[in-house]
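A.B. asks: What follows is the residue order along each chain.
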Amino acid sequence: MTGRIFSVVGGMFLLTVCSKGDNSQVQAAPPAAEPAPASATAPPTAGGTISGKIKFTGTAPRNPAIDMSEEATCKAKYPTTPTEENVVAGPANALANVFVYVSAGVPAGQTFTAPTTPVVLDQNGCRYHPHVFGVMVGQPVEIRNSDAVLHNIKAVAKKNRPFNVSQPSAGMKTTRTFTAPEVMVNLQCNVHGWMHAWVGVRPDPFYAVSGPDGSFSITGLPPGTYTIEAWHEKFGTQTATVTIAGTESKTANLTFAAH
Amino acid sequence: MTRRALALAILLLPAPGSLLLSQDTTAGKTVYVKWCAGCHGDQGAGDGFAAKHMIPPPRDFTGAIYQIRSTASGNLPTDADLMRSLDEGLHGTAMPGWRNALSERERRDVLAYLKTFSTFFADTTLRPQALEFGGEPSGGTGDEALKVGRQFYDSIGCRKCHGDLGRGDGPSSPTLKDDAGHPIFAADLHQNWVFNGGGSAVDIYHRLRTGLDGTPMPSFSDLLEQKFLTETELWRVAQYVRSLSPENPPVVRDVIRAPLIERALPRAPDDSAWTSVDAYWFPLVGQVVRKTRWFAPAVTGVWVKAVHTTDSLALQVTWDDRSESPDTAWLDHVGRVFAALEQDEGATDPPALWPDQIAVQFPVTIPTGMERPYFLMGSSSAPVYQWRWTSTARTTAVAGLARGLERFDPVSNGGVGAQAVYDHGQWRVVFTRALASPDTATQLPFRTGRAIPVALFAWDGSNGEHGTRMAVSTWYFLALDEPVPASVFISPVIAMALTLGLGLLVVWRAQQKTSFRRQQ
Chain G
0 MTGRIFSVVG GMFLLTVCSK GDNSQVQAAP PAAEPAPASA TAPPTAGGTI
50 SGKIKFTGTA PRNPAIDMSE EATCKAKYPT TPTEENVVAG PANALANVFV
100 YVSAGVPAGQ TFTAPTTPVV LDQNGCRYHP HVFGVMVGQP VEIRNSDAVL
150 HNIKAVAKKN RPFNVSQPSA GMKTTRTFTA PEVMVNLQCN VHGWMHAWVG
200 VRPDPFYAVS GPDGSFSITG LPPGTYTIEA WHEKFGTQTA TVTIAGTESK
250 TANLTFAAH
Chain A
0 MTRRALALAI LLLPAPGSLL LSQDTTAGKT VYVKWCAGCH GDQGAGDGFA
50 AKHMIPPPRD FTGAIYQIRS TASGNLPTDA DLMRSLDEGL HGTAMPGWRN
100 ALSERERRDV LAYLKTFSTF FADTTLRPQA LEFGGEPSGG TGDEALKVGR
150 QFYDSIGCRK CHGDLGRGDG PSSPTLKDDA GHPIFAADLH QNWVFNGGGS
200 AVDIYHRLRT GLDGTPMPSF SDLLEQKFLT ETELWRVAQY VRSLSPENPP
250 VVRDVIRAPL IERALPRAPD DSAWTSVDAY WFPLVGQVVR KTRWFAPAVT
300 GVWVKAVHTT DSLALQVTWD DRSESPDTAW LDHVGRVFAA LEQDEGATDP
350 PALWPDQIAV QFPVTIPTGM ERPYFLMGSS SAPVYQWRWT STARTTAVAG
400 LARGLERFDP VSNGGVGAQA VYDHGQWRVV FTRALASPDT ATQLPFRTGR
450 AIPVALFAWD GSNGEHGTRM AVSTWYFLAL DEPVPASVFI SPVIAMALTL
500 GLGLLVVWRA QQKTSFRRQQ
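Heads up: the protein sequence lines correspond to chains G and A, in order. Take the first sequence: its letters are residues 0 to 258, numbered as in numbering that gives the first Met the number 0. Take the second sequence: its letters are residues 0 to 519, numbered as in numbering that gives the first Met the number 0.
Think of the hints as simulated: they come from the structure by calculation, not from any bench. Any given hint might turn out to be false.
[As the list claims (entries may be wrong)] Pairs of lysine-lysine, DSS-like flavour, derived with a Cα cap of 27 Å:
| # | chain 1 | residue 1 | chain 2 | residue 2 |
| --- | --- | --- | --- | --- |
| 1 | A | K176 | G | K158 |
| 2 | G | K233 | A | K176 |
| 3 | A | K176 | G | K157 |
| 4 | G | K74 | A | K512 |
| 5 | A | K226 | G | K158 |
| 6 | A | K512 | G | K157 |
| 7 | A | K28 | G | K172 |
| 8 | G | K158 | A | K512 |
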């Protein structure tokens with residue numbers, strides 16, 4: 000079971016790498032073939048780095064199988080019954096889809112320019128790709144529909160204005176921006192109750208999402224002492240404090256408890 | 000001087016689309032505390048003491064997320080939008096209209112006050128602006144327009160939630176939640192009189208454009224920008240949806256007229272004989288008299304038709320129900336309903352699979368005076384006669400005596416037949432019985448020409464309804480038309496024949512006289 004998840008996630012990663020910079024190919028690709036969220040924000044080059052691995056203890060809960068019988072076109076995109084992606088575990092209890100960000104330590108008043116390159120969220124095979132991603136305040140999020148079925152995209156937010164728009168056919172695109180930092184905004188499709196994505200909206204570029212092997216890397220940090228917070232949709236949050244001097248790299252491994 | 004006065008006058012004029020200058024939040028708070036806080040809560044979080052008895056729940060003002068707007072999805076409502084909901088209320092919810100209960104001044108003030116619950120309204124970058132809707136294209140009730148509307152109803156996926164025939168029974172309907180996780184029904188598009196944003200084609204078009212923020216209903220405005228469909232085509236969808244409801248909201252009439260028919264009793268729900276029979280609408284409300292009370296009935300009304308032959312009665316009860324219970328797909332919905340409502344103490348049964356049910360109630364004997372048995376299933380001393388049908392035993396109905404909500408004693412020789420059809424979000428059930436009573440001590444004989452008290456009860460099992468958790472009506476009447484005696488038809492014929500005969504006689508006599516004179 001774990002092996003299968005890993006192979007799917009691994010495949011996802013490979014496809015991501017291969018499809019970088021060529022979006023025309025991406026749309027025709029099978030599910031899970033979208034640019035990784037971290038790549039959408041150009042990471043600052045100079046400065047220190049915090050990297051590490053996210054793990055969990057205990058047994059990961061089983062991801063529920065998705066009954067896609069109502070949506071034949073989505074169902075046809077999977078060789079076996081697809082599951083939800085609530086807990087995506089890698090080998091040795093590595094935990095993917097964790098949003099890691101600097102929650103404190105960035106000097107107040109320091110502003111960062113949001114990239115104009117959009118973060119792409121694709122609906123393919125009646126699932127969201129990526130499942131968890133980050134975006135800067137003011138940075139566009141381009142929502143695409145690669146399924147020939149009706150999706151509605153609803154953002155459930157508190158600090159941002161919500162929205163709920165429909166995309167009844169393949170090839171449709173909607174671009175939205177968020178105006179305030181918020182961890183996390185929930186994106187959901189009400190036509191397909193299993194479809195959830197999570198977006199962390201940040202005022203700075205200091206965030207990352209853990210990969211299939213649980214690793215993450217936040218770069219370009221000026222010297223200082225930072226609190227980093229890791230958020231997982233089922234396991235809650237974990238924090239660590241890291242001090243960076245000069246352009247050094249520091250490691251911060253975080254461990255969640257499965258419950 | 001004149002110029003200064005003019006400048007002052009301009010300053011005092013309210014800005015277009017805004018009522019702000021004439022609003023007083025302090026006075027608004029007084030109104031709010033008195034009239035609104037009971038449901039919406041002291042801090043506007045939608046958590047007043049009455050909130051746990053309502054589905055849908057009262058608006059939480061702190062998020063500034065409003066369903067009924069003229070603005071794009073995610074945008075704040077205009078003051079005019081808020082004022083409309085305040086004035087007219089929100090049909091199908093517990094929110095009444097306040098136009099006649101509060102003065103205009105009070106309504107403006109309370110509107111200003113409720114906006115203070117959210118910081119979004121203070122954000123000047125979020126000034127709400129109404130969308131350009133354009134006018135309704137004509138010909139919207141014609142066959143061609145409705146065909147186009149139906150085509151786009153399918154292609155933009157309305158059926159996913161609202162169902163193929165629009166009764167709110169689409170494949171996604173059991174999973175629907177609002178932003179707070181409360182259960183929410185896809186609207187039954189055949190009941191436009193309970194659409195919370197209004198039931199006209201214009202209202203429906205506006206909801207398609209703006210979406211209902213906070214609910215699963217999205218905005219379809221992007222489709223116009225992306226040329227997926229034209230404004231006219233989206234209007235046709237609105238006009239098609241409008242066409243599913245009757246032209247006017249149903250009027251409640253006290254007496255169901257059961258005509259005498261010359262053919263066989265229509266025992267099947269879809270027997271063609273039913274099409275020519277008048278339908279009567281009976282609104283139902285939650286049972287909130289006895290514990291366990293029920294504040295969120297799913298069945299808000301039933302249509303009743305009745306006919307009789309010389310020896311039997313048939314009663315057709317039709318109601319919209321999103322689920323053919325018991326249905327495991329709806330179990331989570333039941334859990335959400337129970338979680339959203341404050342349960343009476345001791346009523347902690349977990350969600351389970353219950354059937355749909357309907358009960359028709361009569362007195363045991365026709366009361367001679369004005370007094371009828373207690374409408375809520377009688378009492379131990381004065382029982383009522385009932386027919387009960389459940390979706391798990393569709394082709395039978397149980398007749399018996401109810402002695403209050405807790406006690407129902409079936410009778411052995413009930414003689415009540417039933418047939419049922421579930422079709423696209425609608426139950427149609429026909430009860431039949433002989434007019435003569437199998438046992439006059441317990442079962443009412445049906446006689447023509449008199450008002451027979453009748454009441455109805457409904458349960459939607461997939462909404463958690465069972466036992467005392469049900470929808471109830473008050474007493475109405477059923478009247479079986481009397482057979483018309485043959486003399487009614489024969490007398491005019493005799494009268495006509497006599498008149499004609501007499502006339503002919505007079506003419507003949509006159510002619511006789513004339514010819515006699517000529518001969519002379």
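A.B. asks: Hint check: K158 of chain G vs K512 of chain A, CA-CA at most 27 Å. Holds or violated?
C.D. replies: Roughly 109 Å between the alpha carbons, so the hint for K158 of chain G and K512 of chain A is violated.
A.B. asks: Under the criterion that the straight-line Cα-Cα distance not exceed 27 Å, is the pair K512 of chain A, K157 of chain G satisfied?
C.D. replies: Violated, at roughly 106 Å.
A.B. asks: Is the hinted pair K74 of chain G and K512 of chain A satisfied, with a Cα-Cα distance of at most 27 Å?
C.D. replies: violated (101 Å)
A.B. asks: Checking one constraint from the list: CA of K233 of chain G to CA of K176 of chain A, max 27 Å. Satisfied?
C.D. replies: holds (20 Å)
A.B. asks: Mind checking the alpha carbons of K226 of chain A and K158 of chain G for me, to see if they're no more than 27 Å apart?
C.D. replies: violated (32 Å)
A.B. asks: With a cut-off of 27 Å on the C-alpha distance, tell me whether K28 of chain A and K172 of chain G pass.
C.D. replies: Since the Cα atoms of K28 of chain A and K172 of chain G sit roughly 44 Å apart, the hinted pair is violated (cutoff 27 Å).
A.B. asks: Are K176 of chain A and K158 of chain G close enough, with their CA atoms no more than 27 Å apart?
C.D. replies: OK: K176 of chain A and K158 of chain G at ~20 Å, within 27 Å.
A.B. asks: Under the criterion that the straight-line Cα-Cα distance not exceed 27 Å, is the pair K176 of chain A, K157 of chain G satisfied?
C.D. replies: Given pair K176 of chain A, K157 of chain G holds - Cα atoms ~17 Å apart, limit 27 Å.
Of the hints listed earlier, those the structure fails to meet are numbers 4, 5, 6, 7, 8, in rising order.
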